[in-house]
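Protein chains in written order, with this note's numbering: chain A, 1 to 141; chain B, 1001 to 1161.
If you're looking for bench data, these hints aren't it; they were derived computationally from the structure. Worth double-checking, as some hints may not be accurate.
For lysine to aspartate or glutamate, the following EDC-like pairs were computed, each having C-alpha atoms within a straight-line distance of at most 16 Å [stated by the list, open to error]:
1. Lys1077(B) to Asp1111(B)
2. Lys35(A) to Glu1043(B)
3. Lys35(A) to Asp1136(B)
4. Lys35(A) to Asp1111(B)
5. Lys53(A) to Asp1111(B)
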Amino acid sequence: MVEEGTKNHIPEDMVMDIFLKLPVKSIIRFSCASKFWNSLITSPIFIKNHLSKFKQRKQLFLLRTSNPIVSYSLHLDNNSLDRYSQLEFPIQNKADLFEIYGSCNGIVCLPSRFMLINSSKRIIFWNPSIRKTLDLPALRS
Amino acid sequence: MSSSTDSPTLTTETTQLSPQPDTETAQPTKKITLKSSDNQIFEVEEAVAMEFATVKSFFEDSPSSTDTVPLPNVTAKPLSQVIEFCKEQIKFKANPDEAQKKKYHSEDLLDVLNQAVADRIENKSVEYVRGFFGIDNDFTAEEEAALRQEHAWAYEGVDED
Chain A
1 MVEEGTKNHI
11 PEDMVMDIFL
21 KLPVKSIIRF
31 SCASKFWNSL
41 ITSPIFIKNH
51 LSKFKQRKQL
61 FLLRTSNPIV
71 SYSLHLDNNS
81 LDRYSQLEFP
91 IQNKADLFEI
101 YGSCNGIVCL
111 PSRFMLINSS
121 KRIIFWNPSI
131 RKTLDLPALR
141 S
Chain B
1001 MSSSTDSPTL
1011 TTETTQLSPQ
1021 PDTETAQPTK
1031 KITLKSSDNQ
1041 IFEVEEAVAM
1051 EFATVKSFFE
1061 DSPSSTDTVP
1071 LPNVTAKPLS
1081 QVIEFCKEQI
1091 KFKANPDEAQ
1101 KKKYHSEDLL
1111 DVLNQAVADR
1121 IENKSVEYVR
1131 GFFGIDNDFT
1141 AEEEAALRQE
1151 HAWAYEGVDE
1161 D
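Take these sequences, add in the hints, and give me the full structure.
So, in structure tokens, the structure goes:
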């Protein structure tokens, strides 16, 4: 903190608490503000705390619909299951090739509905909040 | 859920730093003089003054000092409110039953402030928050461009500054 000198300085733990109240989109945007902020935001402890705060505050359902175009959307846990947001499938034009297997801590596991040429299924992990996916290595039957 | 208490807060820090309040009320209490940025003088009990991290570190650096502690970041009005708040804090700590009732008293205040800041910056640009928090961008132009490129969607739909 000393290096900040007389600058209008907000303590690190307070910045953390403010970040914990922001949605993921804002936090990701602010991660390019400075190297220090980037390290705060991408630290495992912050990610863990942010996840648990939002799990307490808001539970969301992921819905896959096909009529006939497949789309994914998030819905609130209320009586009418109001739509919270429409998701863009991370792999363009491939939404219909995958189905939801399960989810944990906001990460969704999606196997491909059909076998690939090597008779294995493609399996991806999708984090809709940060719009990133990870391909699992192919399973051999 | 224990997770909500895991996150570090300013409040827990001040609680750890603060001295135990004197149980013997007869003991004479040392007074400390604080000066706000607009040169108002406040004389407060030592225990109250030590609730301020700035004041505490001032006396850690020069333990025998009898000088007035300058507080260049705060004007008289908010300082007087914070002093009142610290007095209440100490009363609560000295009286556990009362403290139990008001357990979340201070967390509430900080929570409200943090939420107000979060609401204000949620849809703002990176440039706005840099100015708001007074932080310098130490990324090179290339590094910043790469980060923006990686999450281009997060920079869409941002309010005008």
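Query raised in the report: Broken hints, numbered, in rising order?
Result: 1, 2 and 4
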